[in-house]
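Residue numbers (my numbering): 1 to 247.
Don't take each hint at face value.
[What the hints assert, rightly or not] EDC-like, lysine to aspartate or glutamate: derived pairs with alpha carbons at most 20 Å apart:
| hint | residue 1 | residue 2 |
| --- | --- | --- |
| 1 | Lys-140 | Asp-111 |
| 2 | Lys-140 | Glu-165 |
| 3 | Lys-140 | Asp-24 |
| 4 | Lys-211 | Glu-165 |
| 5 | Lys-211 | Glu-99 |
| 6 | Lys-140 | Asp-114 |
I should point out that these hints are in silico values taken from the structure, not numbers from a laboratory. Remember, predicted model here, so these are calculated numbers, not experimental data.
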Amino acid sequence: MAGNTREAGASVTRRALAILGAFDMAHQHLSLSDIARRTGLPLATAHRILAELVAWRALERGPDGRYRVGLRLWELGTLSVTRTRLRESALPYLQMLYEVTRTDVHLAVPDGSDVVYIEHLGSRRTGGPPGVMGMRVPLKRSAAGLVLLAHGRHEEPGPCPRLAEIRRRRCAVLADAVRPGMCSVAVPVMGGDGTAVAAVGLSVAAFSDAKGCLPVLLAAAGRIRQSFARTPAEESTGRAVFAVAGA
1 MAGNTREAGA
11 SVTRRALAIL
21 GAFDMAHQHL
31 SLSDIARRTG
41 LPLATAHRIL
51 AELVAWRALE
61 RGPDGRYRVG
71 LRLWELGTLS
81 VTRTRLRESA
91 LPYLQMLYEV
101 TRTDVHLAVP
111 DGSDVVYIEH
121 LGSRRTGGPP
131 GVMGMRVPLK
141 RSAAGLVLLA
151 HGRHEEPGPC
161 PRLAEIRRRR
171 CAVLADAVRP
181 GMCSVAVPVM
191 GGDGTAVAAV
201 GLSVAAFSDA
211 KGCLPVLLAA
221 AGRIRQSFAR
231 TPAEESTGRA
241 VFAVAGA
């Protein structure tokens with residue numbers, strides 16, 4: 001269930017947020033009954049709040065009667081300044097990384113116990129799936145997530161050899177959460193406080209391919225870190241070095 005709204009006295013705001021929280025990558029189009037079931041709301045209550053959310057353009061109602069996330073929420077999402085600037089800082093280097101490797105490239109950030117993919121570059125020729133941007137995966141189930149855990153602010157309770165090994169190698173390799181049947185290799189993008197603010201990763205055909213991709217992947221992560229640390233006026237400089245290194 002996406003949200004627990006069964007407690008007596010749950011506020012209208014909490015109920016509306018529970019409805020918005022019912023949507024995710026696996027549930028992009030939901031009927032009224034789907035939403036009521038996932039939130040625990042009575043049908044009448046869900047219908048009333050949905051009408052208000054549609055009127056505000058937070059949600060849209062399709063010809064088939066099912067609901068989907070609306071443009072207004074996307075507009076609000078672009079106001080997340082830190083994440084937007086991180087993505088903008090990273091994009092030139094992600095593009096260079098894709099040009100060098102010709103495989104799927106992604107940028108992910110931590111959000112609680114999950115990792116969220118905020119950028120993805122690929123092509124139909126490489127077989128990359130649509131809708132990767134915005135995908136949410138538990139931290140421990142993706143290479144990007146493991147890198148963020150290993151270099152994050154929160155330590156795992158007790159010794160964790162796996163995370164210690166990731167810190168030593170500066171990368172994580174795992175079955176790909178984005179492209180089933182592939183492997184993913186990810187490295188951290190470090191912030192000024194010594195913890196990872198993001199992870200940049202590649203999809204590779206086999207675990208044995210990950211080692212060969214590591215130098216260019218680490219170079220990209222380093223350039224993203226430098227670009228993100230610079231002021232916006234400085235961000236347009238310093239990209240040629242990576243282009244040469246990745247050639």
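Taking the hints in turn, this is what the structure says about them:
1. Lys-140 <-> Asp-111: At roughly 13 Å apart (the allowed maximum being 20 Å), Asp-111 and Lys-140 satisfy the hint.
2. Lys-140 <-> Glu-165: 14 Å, holds
3. Lys-140 <-> Asp-24: Answer holds: Lys-140 to Asp-24 is near 19 Å, not above 20 Å.
4. Lys-211 <-> Glu-165: At roughly 15 Å apart (the allowed maximum being 20 Å), Glu-165 and Lys-211 satisfy the hint.
5. Lys-211 <-> Glu-99: 18 Å, holds
6. Lys-140 <-> Asp-114: Answer holds: Lys-140 to Asp-114 is near 8 Å, not above 20 Å.
Checked against the numbered hints given earlier, this structure breaks none of them.
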